[in-house]
Amino acid sequence: GENVEQHPSTLSVQEGDSAVIKCTYSDSASNYFPWYKQELGKRPQLIIDIRSNVGEKKDQRIAVTLNKTAKHFSLHITETQPEDSAVYFCAASKNNAGNMLTFGGGTRLMVKP
Amino acid sequence: EAQVTQNPRYLITVTGKKLTVTCSQNMNHEYMSWYRQDPGLGLRQIYYSMNVEVTDKGDVPEGYKVSRKEKRNFPLILESPSPNQTSLYFCASSPGTMTNEQFFGPGTRLTVL
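In the order they appear, the protein sequences are chains A and B. Residue numbers for the first sequence, in our numbering: 75 to 187. Residue numbers for the second sequence, in our numbering: 1419 to 1531.
Same shape as in the complex, but just chain A (with noise of 0.2 Å):
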């Protein structure tokens, strides 16, 4: 089956700067990557997703990469806040619904003012 790996899985940075999380895939059928974010004793919501069609994909802050050789794809957040502290999971699917989805270990966002 799919398996999805996340790095890193701590991340810290100053109020301003820019925060990559990484991930890499192994199901190369896979076709639906989406982000989510899980404040702490919340549940996880989607903030941005991407279709192996398409190669990048911005939203104000955040943006999403897939590279579709490599089988990696890609956060970036720019101009960190300290709201954007949280969990940040990835995930993939191979399901055109994607419901059926793998995720990644999560990596823990601390943005220090």
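Please keep in mind that the hints were generated in silico from the structure rather than gathered at the bench. Please read all numbers here as calculations on a predicted model, not as lab measurements. One or more of the hints may lead you astray.
Derived pair list, reagent style EDC-like, types lysine to aspartate or glutamate, alpha-carbon separation capped at 16 Å [unchecked claim]: (1) LYS142/A to ASP91/A; (2) LYS168/A to GLU1519/B; (3) LYS145/A to GLU76/A; (4) LYS1487/B to GLU1448/B; (5) LYS142/A to ASP123/A; (6) LYS1483/B to GLU1497/B; (7) LYS96/A to GLU113/A; (8) LYS168/A to ASP1477/B; (9) LYS145/A to ASP101/A; (10) LYS1475/B to GLU76/A; (11) LYS116/A to ASP1456/B; (12) LYS111/A to GLU1519/B; (13) LYS1435/B to GLU1519/B; (14) LYS132/A to GLU153/A; (15) LYS1436/B to GLU1480/B.
Reference excerpt, derived from the structure (chain A facing chain B, CB under 7 Å, subset only) [what the hints assert, rightly or not]: (16) ALA103; (17) TYR106; (18) PHE177; (19) GLY180.
Pulled from the structure, derived: some chain A residues nowhere near chain B, Cβ distances all over 10 Å [claimed, not checked]: (20) ASP91; (21) SER102; (22) ARG117; (23) SER126; (24) GLN134; (25) ARG135; (26) ILE136; (27) LYS142; (28) GLN155; (29) SER167.
Ideal placement from N, C-alpha and C gives every residue a C-beta, glycine not left out.
Given the coordinates of chain A, assemble chain B onto it according to the supplied hints.
Same frame as chain A, but now just chain B:
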């Protein structure tokens, strides 16, 4: 208010005592899933359902059962809980057609002694 609800939110039980965690969504979503979240392991899918009476195993189905008799409900059943099922459980639903976003419930923290 569109939402996914789970009950109970917290449960402490003993080994072997059957329990059910309920999940309900009011968004008329086709797809529903159960995940467990453990430190360092991310979210692992237990079971998912693509429609009423249609369920399938995820990555970690052992020790769990589900049913989907109605579109809105997707209960998770632990027939004989064991300590290794101590975890944080999330139910999620998704429309599965126009968008792949999974909407998570608030989570159920289960402790099996």
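Contradicted hints - numbers only:
Failing hints, ascending: 1, 7, 13, 16, 22, 29.
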